[in-house]
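2 protein chains.
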Amino acid sequence: MTKENLIDCHNRILPFIHKTPVLSSRLVNERIEAKVYFKCENFQKAGAYKMRGATNAIMQLTNAQKQKGVVTHSSGNFAQALSLAAKSLNVKATIVMPSNAPVVKKNAVKQYNGQIIECEPTIEARQNAANQIVHSTGATFIHPSNDPNVILGQGTACIELLNEQSDLDVVFCPIGGGGLIAGSALAAHHFGNSCKVIGAEPFEADDAYRSLLSKKIETNKTANTIADGLRTQLGHHNFPIILKYINQIIRVTEAEIIEAMRFIWERMKIIIEPSSAVAFAALIKEKEQFKNQNIGIIISGGNVDVTKLPF
Amino acid sequence: MTKENLIDCHNRILPFIHKTPVLSSRLVNERIEAKVYFKCENFQKAGAYKMRGATNAIMQLTNAQKQKGVVTHSSGNFAQALSLAAKSLNVKATIVMPSNAPVVKKNAVKQYNGQIIECEPTIEARQNAANQIVHSTGATFIHPSNDPNVILGQGTACIELLNEQSDLDVVFCPIGGGGLIAGSALAAHHFGNSCKVIGAEPFEADDAYRSLLSKKIETNKTANTIADGLRTQLGHHNFPIILKYINQIIRVTEAEIIEAMRFIWERMKIIIEPSSAVAFAALIKEKEQFKNQNIGIIISGGNVDVTKLPF
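Residue numbers (the numbering used here), protein chains in the order written: chain A, 1 to 311; chain B, 1 to 311.
Simulated from the structure, these hints should not be mistaken for lab results.
Remember, predicted model here, so these are calculated numbers, not experimental data.
A portion of the hints provided could be inaccurate.
Because identical chains cannot be distinguished in the list, a pair is counted as satisfied if it fits within a single copy or across any two copies.
As the list claims (entries may be wrong) - Listed below are the simulated DSS-like cross-link pairs for lysine-lysine, each with C-alpha atoms no more than 27 angstroms apart in a straight line: (1) 35 with 19; (2) 285 with 110; (3) 35 with 216; (4) 221 with 92; (5) 287 with 68; (6) 110 with 221.
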């Protein structure tokens, strides 16, 4: 995946995404003793950076493929993103969701004309359901994170951040399926000025941390974290990129995630989801290491059930 | 209060305030069937537009007055704003607060070095306490809304909004003490292009609505509204301006306030306080009247206790 791939991808998706703002805060800078720049993908369409990768993946299909539609399995932000991207591009989207997915998430998909297929809440069942749709309709399966075109799309948030702040020493990303950090690592490599990318994970779902140590993809036996976007696993497309470019993954506790989330809500007055707070929590935890540096943070999304807050 | 007064005031306070962003949202525009521009004073220093008027009022004091400090009574955003403005300008601030004010609000004042004097939770007690401080220390009393320099300062948010969107047909403001709407009315008159200012009030504290009808200052017997910033009364400095320039005040129910607040949180991913939601609720309620217009809304603040949300 070359610099040109990234540039082409960015130009391709630009008409369909928001160029989200980069915010900073005097209070945050004082607390961290560094300059911190938040790339606010919580303001992205459908409320998360996932819109970028979903749009790019659909746009790279042939016309024949587009006519047969796309399918994914997701109960999270990618479900909404693929539905909205497909709607914008006049393509049919089918979303496999576990039967116990929250009604609010199902409604969000329906709002974007996504067709929901319910399945039992197991990884096997949702994979089977998706395979069946691919088989019966000829639709193209698009994985939420383990897909080169999705990875390229997710990297464009970091390109925009570096375009605005070219002197970043480091960019913090949460790690779930690995699409965002892989894309960001490529972006930082091609567009940064010796800019490192640091991963952030909950202790409760630290598969990427352990994978980086063992140099093979590790799994999570459980994933009891409030950061619902980070309960997923690395894949064979993004893991080699992570291995190549990422040297450090910082793990945080659930309490640290909640404290970081509340700090951003109360001080910056923006709504970020727990998965985004993981990246800021990691910076708070290791702030001594980054003192006086220029630091980017990808605020990955803002989709929170405001009736069920952890504070 | 002339156009020059407003310009001078704006230039004077600029180094001490944030130039807050103007946001818009495709989803909001679709819902309202108009173009809506949110002036985000929830991102202002100390979390509310009050910083503008507080800064201007202190800056207009003589050096001798500044040396003796300032005093106000407030349990809300003006308490924090005056404390922070005073700190920035190296002036001592004393804040009279009712003994039952939330600890979180007292802490915010302390964080900005404001000195808190507690009093019984009655209007009489807090006025007496403030008078006593003025008498014993020579400090200058600065009213949260009923003061010409405060009114001028609050008007600068609307100046910035009109500088960015010169074609606004109308600007919505919540009405509490009347400082924001009086300042905004002056700004719209001097800087707008036939731009009207519309007031918004809770039914539960509709003193301005009734005052506009009777053409004299009416009071609220009770003020059982979630919009805690709007429980206050108009004053003799801002009421004549309101009478002169404001033709319409729209009242909303508590349920409408909460629904509007939640819509902004969930769709725009920004934290606004209930008082700010009153202005957007008024627009939702009367949207037919404003169809296809260019509409500004002053989002007055974002100071919310996130542990006590109405949803």
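For each hint, the structure was consulted:
1. 35 with 19: Intra 21 angstroms, inter 19 angstroms, cutoff 27 angstroms: intra and inter.
2. 285 with 110: Classified as between: cross-chain Cα gap 26 angstroms, same-chain 39 angstroms, threshold 27 angstroms.
3. 35 with 216: Answer is neither; intra-copy 35 angstroms and inter-copy 52 angstroms both fail.
4. 221 with 92: neither (34 angstroms within a copy, 57 angstroms between copies)
5. 287 with 68: neither (49 angstroms within a copy, 40 angstroms between copies)
6. 110 with 221: neither (32 angstroms within a copy, 47 angstroms between copies)
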